[in-house]
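Q: One-letter residues, chain by chain:
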Amino acid sequence: MKEKAFVIGQSVRRLDAVGKVIGEALYPGDIDMEDQLWMKIRMSDRVHARVTAIDTRQAEAYPGVVAVLTATDVPVNEYGLIMPDQPVLCGPGSSKAGADIVRCISDQVALVIAESEETAAVAADLIEITYEDLPAVVDVMQAIADGAPQLHAHAKNNVLNHYRIRHGDINAGWEQAEVIVEGEYHTGYQEHVYLQPEAGLGYIDDEKRVTVVVAGQHAHEDREQVAHALGLPEEQVRIVYPAIGGAFGGREDMSIQIALALAAWKLQRPVKVVWSREESIIGHHKRHPFTIRARWGATREGKLVAAEAEVYADAGAYAYTSTKVTGNAHLMVNGPYEIPNVKVDTYGVYTNNIPCGAFRGFGGPQGAFAAEGQMNKLADALGMDPVQIRALNVLEEGSITSVGTPLPPGVTLSKVLAEGAAQSDYWHKTGAGWARISPTEQPTTPAKRRGIGMAMGFKNIGFSFGAPEENWATVEIHGDAKIERVVVREAGADVGQGAHTVFAQMVADGVGVPLDKVEVIGHDTAETDNSGSSSASRMTFMAGNAIKTAAEQALEKWRSEQRPAVATYRYVPPKTTPYDPETGRANPNFAYGYMAQFVEVEVDIETGHIDVVRVVSAHDVGRAINPQQIEGQIEGAVVQALGYAIMENLVVKDGRIQNPFLSTYLIPTIWDIPRETKSVILEYADPRGPWGARGMAEMPFIPLAPAIVAALHDATGIWFDHIPLTPESVVSRLREHNIGVI
Amino acid sequence: MPMPAALDRENPSVLVMPGPGLPAFDYVRASKPDEVCDLLLQHGDNARLLMGGTDILVLMRDGVLAPKILIDVKHLPGMTTISFDPAGGLRLGAAVSMNTMTAHPAVKQHYPLLAEAAQAVASYQLRTRATMGGNLCNASPAADTAPAALVLNARCVTWGPDGERIIPVGAFFRGPKQNVLMPGEFLAFIDVPIPPPGWVGRYIKLGRNAGGDLAIVGVAVLGYPDANAASGCRFRIALASVAPTPIRVPEAEAILANMPITGETLERAAPAAQAAARPIDDLRGSARYRKAMTRNLTRRALDDVWAGLRKEG
Ligand SMILES: Cc1cc2nc3c(=O)[nH]c(=O)nc-3n(C[C@H](O)[C@H](O)[C@H](O)COP(=O)(O)OP(=O)(O)OC[C@H]3O[C@@H](n4cnc5c(N)ncnc54)[C@H](O)[C@@H]3O)c2cc1C
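Chain order of the listed sequences is A and B. If you read the first sequence in our numbering, its first letter stands for residue 34, the second for the next number, and so on. If you read the second sequence in our numbering, its first letter stands for residue 1143, the second for the next number, and so on.
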């Protein structure tokens, strides 16, 4: 009865498409409850200060105000995704020592709950907070210097984490090196700008659980953090996700969740909050700015022999996921290449800046910016083609990475490179190796220059470095003689990427029923088991593996006449290990995706405007469960990475964001995006992936910035080591070389 | 209810979160000009005028303004009418939307520069509401239609307690976000005379992206043959976003009137525009960048207009 590949590989219509298009889908801000109150969160006014007093009298006396909550109201006043280093509410009299200190402007100090949204907003301003300013540090290099203000007792010199790689013999490597290139790379902040700013509702459900309706990426993790802060057992907390308006990593950490739960718990009434765009931009973490100093050496033939790097990431005031983000950068700063001698030191550093955390690519874009910049500079210094030098150096099946171990089976870097290059229409393979088909054609306008460049990369799928990793799925087959309905319970968050549709496709194939017989139940900790987060390009891979086995087992039970036939399966991938503290040796990841990008840009040397004309993005996705969704991820990631590379410029001065508005923090518009984005989708099965699938959602983000830089170099002869490449910054760099405006 | 403090988008050194939505206000749909004057006089700063609302509503949402009354003047006679007379020129009702204006046959045929400037504003969706009248009244240094209005010698026709007044656009701006309207007075029409025969115009806007951003620099150039000019041509040049108000650049215009037009002359006029620019540093661009771009864009606009004139001639 089972038909093979029932709907796998087909671009079936998204289950949520119609509801979202006609406005029927409810996002957290759309949901109201009778009797609900409104909350306003008062954030810190200072970047580093001790809160000595909070006078809430005026606010409490304001008509319509129901309650004002402060640090003394929080049962366990700490939280944090990887370590609880941030107070839920900063202020005196807290249950935790040190929670009276604000360390950044997004620290939350008080919650005002009132009968209306307006009242809550007005009353929040009436709270008088007395601060005793503390010396602040907002620069990474100053933060690690002796004598700097210390932000956390557990981080000497503000160093949250320091990783090392000592691979091979670096001195021997330098002796073999015939060509050496160096660079100091700077990458900027990036804001997620998901369509839906933070919003949610807290209430007590029929089973007396404190319930938070919110948009997130990992319901069970949210539950754990809320339960911890409220001092409740996890069973007494419930997290429900309605439609989620984008995430990109920005919803991995807490923003409004604990505040909503606390207010609802204290008042035993529904409490709602909706953040404005400004509150959203200030109130949640950002992509980490990095400074990377890299020095790479190769032989005259182009074989890499040595790579050294120092990597500094501004973690901001709290850890969030910085240890993991810097862990990824630590590996990816060496590129997907076999380098026998490597020395890397990577630091995550606390400052009084806005906290940084997860964002599509998770340290990969920053690492790749340096690695691919180095590779392109090496090709240039050697007079080699950039594809050819990569073909000589990419990791193959069994090659040893910079952390002393091979990649998991199914390494396809050289195939992705070759097929991407061939399909880019810019490169071809000649007897002497890869070469450009023709030199870049220049526009007739003298102010415009065209260039073509490329970069590649690798990115892990799933949690790394020994972090516990699992995914639960339950498949229920209902019916009597015939299968009438198949239910899959899978918590994995559909953040807008279409996860639920892919789950349904996998269940339909696994059980052998048409798609319209499948129902996905997810997004509710009361209905599902832990799935891990929708992050690290992992959900198709992880949920797919759980669903596939659960479907097989349910089908067996169906065949042995069980009604309904129900099977639950917990998928656990192969174990990973953390970096060895001295050498960095590790098995960091259990799966990877591989990618290469080829871009054509036109730069106006008089105004500094960069027009990314065309992008060819090649990916090994293992198996395209839903090809259209893959194209959507590629095109979306390219646009987001284009913003990161050339436009998105979050200005932070003395720890304060200067442009928390979409009128001053620009993201790409329809006029700014490439005229053509060509997706090259390759399907070399991952032996560990469900139906062979690999994750792919972060991968198209990662090589774009260095590929644009390579194209700019082709156009102007100049390297740009700082992003974002805003028009003004491009003009001043060109000016240094007497090009364009003098 | 006290107002939460106001946001300053350009300089949020102390960040204040705005309250949700708009502050409460009364909406009055005016049907007679005198009614508008009376309401304005009666309520002073507590009353504001409303056309497309794309400036005023943003300021209200940010808490910068909290008028008690919004007086909608879109429905006054003639406010949304466009008329063209080959002798007298174009009369635009102040509340004509930018999309209506750019699609109007007379504008397309006789004033393509106006359409080009209006199309530099934001997005199509926004231009369905935004008006050129509002753009001028709002008096932002970055107003995209202002340089075109300046080089077209447009006139603001206002109505006030003392009746009609005609103010050349060049005398309409007083400073950033300030115009010369008197208490009780409002903009009723924009009159655009017939430009000199054989004219060619161009507006170039530079933002940080390809669309949607406010101007870092905007340059309008209008050129026409003139036997009385030593060069045989006259050019009018106006700039946005590089001074407290949109400005004309007579220094550069003089160079172009007095010397034979060659590549070199155009090259000399551009730095004169640059010298006239007195920009500030802000989040969109430094003063230095703005000055350099003033020169580059002026040069580009002049090149385009000169090429057009030669084709015509
Ligand atoms: C997203 C966005 C993007 C924008 N991009 C641009 C851009 O690229 N370029 C640009 O130049 N502008 C831009 N603007 C600003 C704005 O859209 C324009 O200035 C528009 O032309 C204003 O017209 P309006 O009819 O909406 O004005 P309104 O907001 O209705 O009025 C503007 C001002 O004039 C006053 N007023 C209204 N009618 C009269 C009258 N009859 N007499 C006297 N005073 C009056 C109002 O009280 C108010 O102070 C943008 C605005 C937004 C929200």
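Please note that a few of the clues may not be correct.
[Stated by the list, open to error] Below, a list of computed lysine-lysine pairs in the DSBU-like style, where the Cα atoms sit at most 35 Å apart:
#, chain 1, residue 1, chain 2, residue 2
1, A, Lys590, A, Lys711
2, A, Lys129, A, Lys336
3, A, Lys711, A, Lys462
4, B, Lys1216, A, Lys481
5, B, Lys1453, A, Lys481
6, A, Lys448, A, Lys608
7, B, Lys1174, A, Lys686
8, B, Lys1174, B, Lys1216
9, A, Lys711, A, Lys53
To be clear, the hints were calculated from the coordinates, so they are not data collected in a lab.
Q: For each hint, tell me whether it holds in the structure or not.
A: Hint check results:
1. The straight-line distance between the Cα atoms of Lys590(A) and Lys711(A) is roughly 45 Å, outside the 35 Å bound, and the hint therefore fails.
2. Under the criterion of a C-alpha separation no larger than 35 Å, the hint pairing Lys129(A) with Lys336(A) is inconsistent with the structure, at around 54 Å.
3. Taking the CA atoms of Lys711(A) and Lys462(A), the gap is near 20 Å; set against the 35 Å cutoff, the hint holds.
4. With a C-alpha separation of about 44 Å, the suggested pair Lys1216(B) and Lys481(A) falls outside the 35 Å cut-off, and the hint is violated.
5. A threshold of 35 Å between alpha carbons decides the hint, and for Lys1453(B) with Lys481(A) the separation of about 24 Å falls inside it, so the pair holds.
6. For the hint pairing Lys448(A) with Lys608(A), the CA-to-CA distance comes to about 27 Å; that is within 35 Å, so the pair holds.
7. Under the criterion of a C-alpha separation no larger than 35 Å, the hint pairing Lys1174(B) with Lys686(A) is inconsistent with the structure, at around 50 Å.
8. Of the pairs offered as hints, the one joining Lys1174(B) and Lys1216(B) holds, with about 11 Å between alpha carbons and a cut-off of 35 Å not exceeded.
9. At most 35 Å may separate the alpha-carbon atoms for a hinted pair to count; Lys711(A) and Lys53(A) meet this at roughly 26 Å.
When each numbered hint is compared with the structure, violations occur for hints 1, 2, 4 and 7.
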